[in-house]
Amino acid sequence: MIDCAYAEIADGSYELFLFEKNLPLGPSGRFSALMMARPEFDIKSVELPPVSEQDIQNLLKFKLRSLYPGKPDDTVFDYTLLSRKNKKYAVLFITEKKTIEAYRNLSRGMPLFLPFTLVKPLIRKYSDGSCAFIFFHTRWIEILMIHSGMLAFSSVINRDESFEINFQKILTLLPENSADCSLVFICAKEETDALNQDIRGSLGPGSSYSMVSIEELVGSLNKKSGFLFSERHKKRAVPHTLVIFLFTAIVLTLSLLILDKDIQQREAYFEQLENRMRRYENRTLSVKSLENELKELENRWMELRSRAPVNIYHIFSELSSIIEGRAVITYFVIEKDSFQFEAIGQNPLDLMDTFKMNENFQSIKLLQSIPVPGTNKERFKVIGVVKNQ
Amino acid sequence: MLKISKRERALLFVLLWVLAAFAAGIVSYFKIEEMTALGQKTDMLEKQVQKLTLKAPNSDDLIGEKDRLMQSIGTEKEKYYYTDEIDPYQFSIILKKILSETGLYIKKYQTIEVKERTYLEYSVSGDALQLAAFLRVVSDSEKYWSIPFLSINARKGDGTVDAVFRINYETIDEKDY
Numbered sequence: 361m362i363d364c365a366y367a368e369i370a371d372g373s374y375e376l377f378l379f380e381k382n383l384p385l386g387p388s389g390r391f392s393a394l395m396m397a398r399p400e401f402d403i404k405s406v407e408l409p410p411v412s413e414q415d416i417q418n419l420l421k422f423k424l425r426s427l428y429p430g431k432p433d434d435t436v437f438d439y440t441l442l443s444r445k446n447k448k449y450a451v452l453f454i455t456e457k458k459t460i461e462a463y464r465n466l467s468r469g470m471p472l473f474l475p476f477t478l479v480k481p482l483i484r485k486y487s488d489g490s491c492a493f494i495f496f497h498t499r500w501i502e503i504l505m506i507h508s509g510m511l512a513f514s515s516v517i518n519r520d521e522s523f524e525i526n527f528q529k530i531l532t533l534l535p536e537n538s539a540d541c542s543l544v545f546i547c548a549k550e551e552t553d554a555l556n557q558d559i560r561g562s563l564g565p566g567s568s569y570s571m572v573s574i575e576e577l578v579g580s581l582n583k584k585s586g587f588l589f590s591e592r593h594k595k596r597a598v599p600h601t602l603v604i605f606l607f608t609a610i611v612l613t614l615s616l617l618i619l620d621k622d623i624q625q626r627e628a629y630f631e632q633l634e635n636r637m638r639r640y641e642n643r644t645l646s647v648k649s650l651e652n653e654l655k656e657l658e659n660r661w662m663e664l665r666s667r668a669p670v671n672i673y674h675i676f677s678e679l680s681s682i683i684e685g686r687a688v689i690t691y692f693v694i695e696k697d698s699f700q701f702e703a704i705g706q707n708p709l710d711l712m713d714t715f716k717m718n719e720n721f722q723s724i725k726l727l728q729s730i731p732v733p734g735t736n737k738e739r740f741k742v743i744g745v746v747k748n749q
Numbered sequence: 025m026l027k028i029s030k031r032e033r034a035l036l037f038v039l040l041w042v043l044a045a046f047a048a049g050i051v052s053y054f055k056i057e058e059m060t061a062l063g064q065k066t067d068m069l070e071k072q073v074q075k076l077t078l079k080a081p082n083s084d085d086l087i088g089e090k091d092r093l094m095q096s097i098g099t100e101k102e103k104y105y106y107t108d109e110i111d112p113y114q115f116s117i118i119l120k121k122i123l124s125e126t127g128l129y130i131k132k133y134q135t136i137e138v139k140e141r142t143y144l145e146y147s148v149s150g151d152a153l154q155l156a157a158f159l160r161v162v163s164d165s166e167k168y169w170s171i172p173f174l175s176i177n178a179r180k181g182d183g184t185v186d187a188v189f190r191i192n193y194e195t196i197d198e199k200d201y
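Heads up: the sequence lines are chains A and B, in that order.
Residue numbering for the first sequence is 361 to 749, as defined by our numbering.
Residue numbering for the second sequence is 25 to 201, as defined by our numbering.
Chain A extracted, bound-state conformation (with noise of 0.2 Å):
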């Protein structure tokens, strides 16, 4: 609940009341909101075409100087949306510069409203049909005519003291059609039971209407209702290069922090590689040493191989499967790996192809054959080399 005032124009100067009791307000009193005279504005409905809300500001800048004959610089507006089945309306509030900054002085920073403003909310109510809410204030009356949602118009009389002359005033602004029309009363509470009296007995017995008192409207304002003429609402917008800066400045962030997320991704790619890199080294380090152990070994065994002494008996064997049948040795000396034999037999020349073929022997050589005398055989002499496998 916020404790309203409202201002009163008495001999070109401005008074302030509070709702409540209609108290007049000292140069010390405390209020919430301040509700400006509606005399002092002007209210015009416009039907917006789809612009952004930013737009709006501009092209009501634009539609004011066919709205309002007052000089576009001594003229402020403010406005409020109305929207419906995809239409906008902008409702605007209309006066000179210097009211302004007079009610700006007068309310002390807090904030201002119209009437309309404490009508808005019931105006939903209504969306359907017509509608005219009758504001009687303590010197003037503002009627507002809906028609499905809209505010078809605004107009304000000063009040009269019989309720007779005001009540033709009104029905004189009021459409052809009212008898359709819905009607909404809204005055001081303190007056609520006198006016209904007058109110029934204008309209007659069985008509329809409706009551609302500006306490229990003004005590339904809150931080949210739409207040007007206030820088802070003005301020609302941020501003469109700041809008883009900020755009640019995220973008520009984001790109940098997701250019850094891929360093630090490639980083531990690396480090992979880099380990597994270093895994593979020490592995043919490890392979290295193997394969020198291995080549230690094979010398090793190389020489151990090396150092096995011819098998005799083994060279007996081989020799005799080749000269067997063929002749008789009469004589055999081996030392180390060379070798002579003597021996007396048929066709030594054959021996000696077959000793060639023979993988033990090598450098074989015929050194000597004489023939034996009475016999077809020859006694000859044979040298070699013994191969150690």
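Since the hints were made in silico from the structure, they are not lab data.
None of these values were measured; they are calculated from a predicted model.
It is possible that part of the hints are untrue.
[To be verified] Residues of chain A clear of chain B, computed beta-carbon distances all greater than 12 Å:
no. : residue
1   : ARG444
2   : PHE496
3   : HIS497
4   : ALA512
5   : ILE525
6   : LYS549
7   : GLY734
[What the hints assert, rightly or not] Covered stretches of chain B, as calculated for chain A (at least 3 residues, CB under 8 Å):
no. : region
8   : 37-43
9   : 66-77
Ideal Cβ positions, reconstructed from N, Cα and C, are used throughout, including at glycine.
Following the hints, position chain B against chain A.
Below, chain B without anything else, positioned relative to chain A:
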């Protein structure tokens, strides 16, 4: 409070823009440079790893080969006497026993020093088959016995032979193997 005009505000925005763009540019430059360098290093390392993967020998084969060689060396070593395992006299006793078992007659035996090695030289006679049997025993012995010199004379033509041979046993130093 300091009031700034629209023009000043616009200039301030431009300045902020330039500063932000400059800062972002510098950071991006360093980051991209870092990324490029990292990319090059990664490429190089990838190639090296690929090469190593292709060239890497199979260590299992090498270990198998090593085991095989060690086993062969072990078997070969067993065929040698260790330095203090035997002496010429013990060896001579063994030989005499074998010669008598094969039926060969020892005409003479002596020790000979050749290049710091001691050999036993035997002069024997007997049947050629007995000599062959003796040579077979020598060749098939568990340890290596070497006969660096052997002369056989079978000129008599009666199936008997006279033979002279030098014989020795092979030794290894355990420390060397």
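Evaluated hints:
no. : hint   : in the structure
1   : ARG444 : 38 Å, holds
2   : PHE496 : 45 Å, holds
3   : HIS497 : 39 Å, holds
4   : ALA512 : 40 Å, holds
5   : ILE525 : 53 Å, holds
6   : LYS549 : 44 Å, holds
7   : GLY734 : 16 Å, holds
8   : 37-43  : holds (count 3)
9   : 66-77  : holds (count 7)
Every hint from the earlier list agrees with this structure, and none is contradicted.
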